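Since chain A is already given, all that's left is putting chains B, C and D on it; use the hints.
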Amino acid sequence: MAPEYNMMELMICVASRYLEDGKTVAVGTGAPCAAAMLAQKTNSPELVILFEAGGVAPQLPQMPISVGDSSTFYRAVMAAGMVEMMTTCARGQVDYAFLGGAQIDKYGNINSTCIGDYYKPKVRFPGSGGANDFASLCWRTMVMTVHEKARFVEKCDFVTSPGFLGGDGGREEAGLPQGGPYKIITDLAVMGFDESTHAMQIESLHPGVEADKVQAETGFELVIPAEIGRTEPPTAEELRILRDEVDPGRLVIGRA
Amino acid sequence: MAPEYNMMELMICVASRYLEDGKTVAVGTGAPCAAAMLAQKTNSPELVILFEAGGVAPQLPQMPISVGDSSTFYRAVMAAGMVEMMTTCARGQVDYAFLGGAQIDKYGNINSTCIGDYYKPKVRFPGSGGANDFASLCWRTMVMTVHEKARFVEKCDFVTSPGFLGGDGGREEAGLPQGGPYKIITDLAVMGFDESTHAMQIESLHPGVEADKVQAETGFELVIPAEIGRTEPPTAEELRILRDEVDPGRLVIGRA
Amino acid sequence: MKVLDEGVNPLFMDPDPDKARDFFRQKTRAMVDKRTTEKEAVEKYVTDGCYLAIGGFGANRIPNAIVHEIVRQGRKNLGFLGHTSTHDFQVLAAGKVFNRVDSAYIVGLEARGLSRNARRYMESGEVQVTEWSNYALAARLRAAAEGVSFGLTRCMLGTDTFKMSAAKVVECPFTGKKFVAVPALWPDVAAIHVHEADMYGNSVIRGISVADLELARAAKHLIITAERLVNNSIIRDDPTVTSIPFYLVDAVVEVPFGSYPGNMPYLYFSDEEHLAQWLKVEKDPEEFKKFLDHYIYGVDSFEDYLVRCGGLKRMEELQKLESFVED
Amino acid sequence: MKVLDEGVNPLFMDPDPDKARDFFRQKTRAMVDKRTTEKEAVEKYVTDGCYLAIGGFGANRIPNAIVHEIVRQGRKNLGFLGHTSTHDFQVLAAGKVFNRVDSAYIVGLEARGLSRNARRYMESGEVQVTEWSNYALAARLRAAAEGVSFGLTRCMLGTDTFKMSAAKVVECPFTGKKFVAVPALWPDVAAIHVHEADMYGNSVIRGISVADLELARAAKHLIITAERLVNNSIIRDDPTVTSIPFYLVDAVVEVPFGSYPGNMPYLYFSDEEHLAQWLKVEKDPEEFKKFLDHYIYGVDSFEDYLVRCGGLKRMEELQKLESFVED
Chain A
65 MAPEYNMMEL MICVASRYLE DGKTVAVGTG APCAAAMLAQ KTNSPELVIL
115 FEAGGVAPQL PQMPISVGDS STFYRAVMAA GMVEMMTTCA RGQVDYAFLG
165 GAQIDKYGNI NSTCIGDYYK PKVRFPGSGG ANDFASLCWR TMVMTVHEKA
215 RFVEKCDFVT SPGFLGGDGG REEAGLPQGG PYKIITDLAV MGFDESTHAM
265 QIESLHPGVE ADKVQAETGF ELVIPAEIGR TEPPTAEELR ILRDEVDPGR
315 LVIGRA
Chain B
65 MAPEYNMMEL MICVASRYLE DGKTVAVGTG APCAAAMLAQ KTNSPELVIL
115 FEAGGVAPQL PQMPISVGDS STFYRAVMAA GMVEMMTTCA RGQVDYAFLG
165 GAQIDKYGNI NSTCIGDYYK PKVRFPGSGG ANDFASLCWR TMVMTVHEKA
215 RFVEKCDFVT SPGFLGGDGG REEAGLPQGG PYKIITDLAV MGFDESTHAM
265 QIESLHPGVE ADKVQAETGF ELVIPAEIGR TEPPTAEELR ILRDEVDPGR
315 LVIGRA
Chain C
3 MKVLDEGVNP LFMDPDPDKA RDFFRQKTRA MVDKRTTEKE AVEKYVTDGC
53 YLAIGGFGAN RIPNAIVHEI VRQGRKNLGF LGHTSTHDFQ VLAAGKVFNR
103 VDSAYIVGLE ARGLSRNARR YMESGEVQVT EWSNYALAAR LRAAAEGVSF
153 GLTRCMLGTD TFKMSAAKVV ECPFTGKKFV AVPALWPDVA AIHVHEADMY
203 GNSVIRGISV ADLELARAAK HLIITAERLV NNSIIRDDPT VTSIPFYLVD
253 AVVEVPFGSY PGNMPYLYFS DEEHLAQWLK VEKDPEEFKK FLDHYIYGVD
303 SFEDYLVRCG GLKRMEELQK LESFVED
Chain D
3 MKVLDEGVNP LFMDPDPDKA RDFFRQKTRA MVDKRTTEKE AVEKYVTDGC
53 YLAIGGFGAN RIPNAIVHEI VRQGRKNLGF LGHTSTHDFQ VLAAGKVFNR
103 VDSAYIVGLE ARGLSRNARR YMESGEVQVT EWSNYALAAR LRAAAEGVSF
153 GLTRCMLGTD TFKMSAAKVV ECPFTGKKFV AVPALWPDVA AIHVHEADMY
203 GNSVIRGISV ADLELARAAK HLIITAERLV NNSIIRDDPT VTSIPFYLVD
253 AVVEVPFGSY PGNMPYLYFS DEEHLAQWLK VEKDPEEFKK FLDHYIYGVD
303 SFEDYLVRCG GLKRMEELQK LESFVED
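Chains as they are written, first to last, in my numbering: chain A, 65 to 320; chain B, 65 to 320; chain C, 3 to 329; chain D, 3 to 329.
In isolation and in its complexed conformation, chain A is listed as follows (with noise of 0.2 Å):
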């Protein structure tokens, strides 16, 4: 019998299954440090968790709060500083880092500043903090959220953090580096880019939902491929290590 799982599990589980091994990741607090300590206790022991705030390699003792807390250089192999992450992106050796934000639209961009009119803004959000920094210098950025027609807009009300910019070629003419953002896992999907246009498309549907129902809770035009796979639901041996190992306080997981 298939394990059961909530949606929090399945988005971990598949977003860890991405990180490769022997790569870097840049991750924040909450989802996207459970999928890569889930990542490194599965398919990739080799992979390298980096935190911000200088952080390297640590032995997580626990989640950490905040992306500078303790246990974010907890016995790790360095730490360093603000400058010094942000340059190791710069140079080319962060593989991943993971964002989030209020809305996302077609190309990847982000935004995480505010909604409304910038200058009188409905909502104030913080702002970039490293996300700017992460999705202009990474490889490949990575994106874990819940899947509602308000986050996934045709047109951010601010772009806080560049995706594709305007789609192909965006990124060159703006003079950012190659990068861009790789995978967007949601509890309904995991959703890629098309390789020449940029835009955002249906990679892999969790069990039990539709294209149909993507579309519906997106507020743009998605990219549905003629083959669309289906995402592996968690194995009993994922579930066990990330519920045991990873998050038995249930402080992520028990969020879903």
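These aren't lab readings, by the way, just hints derived from the structure by calculation.
Remember, it's a predicted structure, so these values are computed and weren't measured experimentally.
Take the hints with a grain of salt, since some may be wrong.
[Stated by the list, open to error] Below, computed lysine-lysine pairings styled on DSS-like, alpha-carbon distance capped at 25 Å: (1) C:Lys-179 - D:Lys-180; (2) D:Lys-165 - B:Lys-219; (3) D:Lys-165 - C:Lys-4; (4) C:Lys-98 - A:Lys-184; (5) A:Lys-184 - C:Lys-285; (6) D:Lys-4 - D:Lys-165.
Frame of chain A, contents of chains B, C and D only:
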């Protein structure tokens, strides 16, 4: 009876008096280092000694052989790096630096790169090292050297480090920050620079030396003010400290 | 230098390196006793209208005694460097001490949520904001620390973050590629919390340094709060670990548990209960006012605040949490 | 970007950050065992024609086992980063391994004098030189480490050092002031000597770092020689002091007394007698040839060289000198 001293002792004592208390001085090996150490033990107990490779305020156990050897950060308050030291100069936090070279011209420009044509040098010297950086970025650069015609030249074969460049306005035009040569201390006299033209002028003559002798050993026309000071010879106390505490091994003062 | 594009928001501080040089020329390099109290340090160096920066990372290694004192003394019209700020921003916003912010990360507390009060203040129109990314702000400080008028990065290109910044896009004279030029930033005053300092200001930070090494070098005035003061001979025993030298420092204040309720690496973890209380009481402005009176305005010192937060007993619990020893 | 002035000498290395990014993308980030010998490290990473940089400061904390090995293996046509180089330059010049040099400080040994042999080689016309200052070269490495194509400084302005460089003068887009733009430099390979490293390359330097933190981050390949290898758990006990992380490193070689005859802070002082011997024998090319045969070409390893220099007895004398204890 006035104490006896050699020319190296005279130059060191004279140089030490120009180093004000509570200021920073970047020193090299040899006489400049001895002058700074002497100043700390006489007029400027709060003078801070810096070395270009990273040593900050060491308790020098002996005369350094290299500006990067262990003694330059022995019981220092910080062991940093070259970027740290040079950017401290750039920010305007280093008051004095000592320079050396094969040639110096009337505006205090210095050559430590080559004699003869650059591409076919008769003699190749080390080049700038940190000298250009200090000369560009410190407030007041100083030179201690023997006074001879081949060294005090109308035009340097190669301007390695900037003095006042072409004279008044030279640094400003080039884009250099305020600063420039302050005192040139030789075995004959102390030279400063005319406030308006920035040409080298005699400020004080060492005991027993007259202006025509200095001019005769100089390859360009010195500014000779109507009234020239007379260099105060080393005091017995200065000599005692220099010989007993600063350079008991006579590594520097034995070279006269 | 040809400018290809530029941000539209105001640049709050002059990026002229020669003006900064003139300032630093006058600042003493004497190694003298700089010990003082948080009260005196704030009175002297954090003046109305000045531009302030806070070290650490929001609720990690923050100089919270200085932050509280600024609010308690009722400073107004400050400029603020909103880089990696969370709880510090929340406290300063509660005091409404600033009216202009260079912002990379504000109003949030990372995984803990958003500060309603800070958001209200930022949505009120009372505060001018210019946008940046965390690295862009670190690069601005680094440029100042290097004594040049601008720094370079490829961040912010192509985004509204750039558009709402005061940066410019320039072309590399060697490769023709585009870079964002960010103007150097010399804050009038910064406060940084460290593990150990001597009376002259030589300071040791253990663990990550965030952007504090750049900040310490960029700030015109620097207030150091330290968990403990050590003899200068302790500093000289291991100069490799000194990361802030005395000549950058104006004031040294010994404040044990000075990052509370923030985390202090190797010493104590953050007080998540107290931080949650902040977020909770902000829902009701009346309740929040009472809360501020109780914890900030109504106490004489940071030490009194610690007592009201549970004193030594609570601190010992947080020390235990920081050991990461399994129960 | 308007160029107001530019140096006339050749730029030996491409300052394109995207080419560097493409290289670094391929370099593994796995924490794997990188231990090897100096022989294998030089064979693999220091290839004919490549651009080489040496860490330390001339005769202080230099990776001399690698320097000797490069000469012994007879490398040719290297580019060389002549920053803060003294004895290392002298040895490499003896082997005539380079034919182009970015120079800030070459042919000299500070207070010890000038190397006649190195001067002869530099005056021979066989070596192309481009001039810089120490800081300009450090700034070039730092720009590379930051992933941008140029760095900024006010050094070199107005001088022949600038004229004979490959730098350019540009105008600040904020202040209109002049700055020297120095092109980023990614050496093909660098060797740095450290106090401790683990098998993955995580490294600790005690005392001054000179320009090695920038160099470690700029170099495409990095060879670490270490006085001693330590277990990874030792590194993790105090991550604050790690200054070179494993992912920058390609090879780790344990070489006790690896900076000899140079100084190694806290461990041993420079062997001034041996360094004086170098300067002395260089006066006579025949004698110098014999000297090189005896100390470099005629030995199998750096360990043999140490034995020929007096072995453990001499090393113990140098250890005693380094303690700075009065006689």
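Going through the hints against the structure:
Restraint check for Lys-179 (chain C) and Lys-180 (chain D): the C-alpha separation of about 20 Å stays at or below 25 Å, so the hint holds. Restraint check for Lys-165 (chain D) and Lys-219 (chain B): satisfied, since their Cα atoms lie roughly 16 Å apart, inside the 25 Å limit. The hinted pair formed by Lys-165 (chain D) and Lys-4 (chain C) meets the criterion: a straight-line CA distance of about 23 Å does not exceed 25 Å. Proximity of Lys-98 (chain C) to Lys-184 (chain A) is assessed by CA-CA distance (about 18 Å); at most 25 Å being required, the pair is judged to hold.
The straight-line distance between the Cα atoms of Lys-184 (chain A) and Lys-285 (chain C) is roughly 21 Å, inside the 25 Å bound, and the hint therefore holds. For the hint linking Lys-4 (chain D) to Lys-165 (chain D), the alpha-carbon distance of about 17 Å falls within 25 Å, and the restraint holds.
Checked against the numbered hints above, the structure breaks none of them.
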